[in-house]
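Asks: Count along the sequence shown starting at 1, add 210, and that's the number in my numbering.
The hints are simulated quantities; they were obtained by calculation from the structure and are not laboratory data.
Hints should not be assumed to be uniformly reliable.
[Claimed, not checked] In silico BS3-like links for lysine-lysine, alpha-carbon gap of 30 Å or less:
#	residue 1	residue 2
1	LYS522	LYS611
2	LYS593	LYS611
3	LYS653	LYS663
[What the hints assert, rightly or not] Pair by pair, the computed Cβ-Cβ distance ranges are:
#	residue 1	residue 2	range
4	ASN347	ALA587	24 to 34 Å
5	MET456	GLU672	17 to 27 Å
6	GLN441	GLY532	34 to 44 Å
7	GLY532	LEU705	37 to 47 Å
8	ASP763	ASP551	20 to 30 Å
9	GLU629	ASN601	28 to 38 Å
Backbone N, C-alpha and C define an ideal beta-carbon position, used for all residues, glycine too.
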Amino acid sequence: MKLKRILSGIASVSLCIGVLSGCQAAAPVKETITEASSTEENVFEVPRAQDDFYGYVNAQNLIDISTDYGYVSAGAFDDIGLQVDEQLQEIITSIAYSDDEYEPGSNEQMIRDLYLQCLSYDRETEGSEVFEEVFANIDACESIEDLLSTNVELGSQYGIFAVPAYELQVNPYDTSEYLVCTSIINSFLTLETLGDTEANISNAYDQVSNLLINLGYDYDTSTSSARSIIQMLTSITNVTDYDVLMNNEVDEITNLNSIDELDDMLTNIDVASYLELCGFDTSEISEINVFSVEQIQAINDALTLENLETWKMYTKCCFLAGFSSYMPDYYATSTSTNYVDTERFAFDVVNSTLPIQVGEEFVERYYTEEISTQLEAMCADIKVAYIDMINNCEWLSSSGKVSMIEKFNNITFCLGGPEAHEINASDALLIGDSLFETIRNIKANEAFEHIQKLNEAPDLLEWDMAPQTVNACFSPPANAIFITAAILNAPFFDLNSDYYTNLGGLGAVICHELSHAFDPMGMEYDSSGNYNPEWVSQEDRDNLDAIQSSVIDYYNDFTILEVYHVDGELTACENLADIGSVQCILSMCNNEDDIRALFINYACIWEMLFHDNVILESLTEDVHSPASTRVNAVVSCFDEFYEIFDVSEGDQMYVRPENRVRRW
211 MKLKRILSGI ASVSLCIGVL SGCQAAAPVK ETITEASSTE ENVFEVPRAQ DDFYGYVNAQ
271 NLIDISTDYG YVSAGAFDDI GLQVDEQLQE IITSIAYSDD EYEPGSNEQM IRDLYLQCLS
331 YDRETEGSEV FEEVFANIDA CESIEDLLST NVELGSQYGI FAVPAYELQV NPYDTSEYLV
391 CTSIINSFLT LETLGDTEAN ISNAYDQVSN LLINLGYDYD TSTSSARSII QMLTSITNVT
451 DYDVLMNNEV DEITNLNSID ELDDMLTNID VASYLELCGF DTSEISEINV FSVEQIQAIN
511 DALTLENLET WKMYTKCCFL AGFSSYMPDY YATSTSTNYV DTERFAFDVV NSTLPIQVGE
571 EFVERYYTEE ISTQLEAMCA DIKVAYIDMI NNCEWLSSSG KVSMIEKFNN ITFCLGGPEA
631 HEINASDALL IGDSLFETIR NIKANEAFEH IQKLNEAPDL LEWDMAPQTV NACFSPPANA
691 IFITAAILNA PFFDLNSDYY TNLGGLGAVI CHELSHAFDP MGMEYDSSGN YNPEWVSQED
751 RDNLDAIQSS VIDYYNDFTI LEVYHVDGEL TACENLADIG SVQCILSMCN NEDDIRALFI
811 NYACIWEMLF HDNVILESLT EDVHSPASTR VNAVVSCFDE FYEIFDVSEG DQMYVRPENR
871 VRRW
């Protein structure tokens, strides 16, 4: 179906952009859209570049976008995602149906065996048996100790933890070692906003009660249990500072305790016993980090015999929410995938269960030597330009420039995907006699390998992101940028495009991630990746704070749907990275043609449509500015844009020179 049918007018999202306060008021974008039938043509007047550059570049594509029924977004990322999805399906099926003999433990052997196992999987028998076994184990819990034991069993075998357990984290103060830490409570529910509004609580209540009804409980039992579950969860989430957790405020989320100290704090949990259940040797643990003292205390207070039945019901809901797609139809939930196509089911299971093996096969086929050569050359050019930008920065002190360049020179560029892992023939034994036995074996092996890292030095360059993911990221502890093979597709990167078009696409992404090394969060970490705010002088930090304040004010004046303002503070780090990115790549251009190509493709990569309610939710939840703002707010900061596209005072894209913000 046409996406515009589920929008309250396409212009409301893609073409109604914010304008700066004090500038000329926005005139309505002229448009005529005919929707009487699918055979009629859209008649649409493209906005001028001087009034809406994002719309000028993307309007016609956005009007013509089609998507499957029920989808609420479409755009460049989605298009690449679908392309990669097709490539992955071809890879997996070609391996699965090949007559070749595969080496035991090889990617191909694991992929084929799991795929064929999925094709022969019988939900009605195997699915029912697994559910009955899991729920019988949950029902058999007669104490909190039983509950925690069952919780760890489900966590290690299926990845489902209703009660947080213990895991490893890289020590932020010394990235050469791991810390044991208490996990944050995770859920199929959106816990961080659970208690914000009555509507959120009501929606969560409906989700839980429907899950319990799907499990066969009567209406009264389901609604009563759902009420108890939501009350228990809100007692935990209401004392949790999710802003501190999501902003990774290291000093606030690092609370070290000995086992005895934590045992004194948690009166309803035998800490040493729980650690041993999780697989840790307590003799090797001197300290445990607690991310949120308030949350872990609230969880402790809720772990009582009085709440045992509530925890058991909640655990069942967690399992059903995670595995309903594997179960018979009568367990189906509103959020489960109804797999009519067993091939699609097999593909999804293989891709999610064996991401490393699938990712390595994807990289081998699609991260070619030619792509690698061009990407490495672009990164080398960007390094030179970024260092020049730092050297030419007027607000940085001389010592600050030296420190920044030292950190920049220590950044590792991880491109395409990880090196192929060494084949271990014993991995072939992870494929069990049934699909669920295989899943349990793989999850248990992952949990075991995770715990074994306790006394090892962390591999900071280990890829947490599968190369088949359309994304890029910067890791402060690793002081490294990761660019996946999947994102190396048009419009971000195209071997057949000119250098400056690619620079406006992937080059902007690379520089954006590099800029995170020097945003307010990245500046907390030194060149070795250790949390050390003192590595930058207070003078330079104050100057950065002043720049950040001006950027916050600048973005606060942009609106979506004409009245809803962008949250400049929420989006500050991403906005700084966007501005710093374009500032860098612009410095690499030689002439007007280069700059024009760069600007146009920069707008192309953020081509995106959302349903109105989705974009409104993003204004309060997403740390990125809306797509149109990511383009128009950024390009309006640079004199080159005004010169190339003939923007002058009175145009809607015009920003007074004194209001144009810079990162460097």
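Asks: Next, verify each hint and record whether it holds.
Replies: Do the hints match the structure? See the list:
A C-alpha spacing of about 57 Å is found between LYS522 and LYS611, which places the hinted pair above 30 Å, so the restraint is violated. A C-alpha spacing of about 15 Å is found between LYS593 and LYS611, which places the hinted pair at or below 30 Å, so the restraint holds. Restraint check for LYS653 and LYS663: the C-alpha separation of about 16 Å stays at or below 30 Å, so the hint holds. Here the CB-CB span from ASN347 to ALA587 is close to 56 Å, at odds with the stated 24 to 34 Å.
The hinted range of 17 to 27 Å is satisfied by MET456 and GLU672, whose Cβ atoms lie roughly 23 Å apart. The supplied range of 34 to 44 Å is broken by GLN441 and GLY532, whose beta-carbon atoms lie about 23 Å from each other. Look at GLY532 against LEU705: about 40 Å separates their beta carbons, and that is inside 37 to 47 Å. A beta carbon spacing of about 51 Å between ASP763 and ASP551 contradicts the range 20 to 30 Å that was offered as a hint.
Against the hinted window of 28 to 38 Å, the Cβ-Cβ separation of GLU629 and ASN601 comes to about 34 Å, which satisfies the hint.
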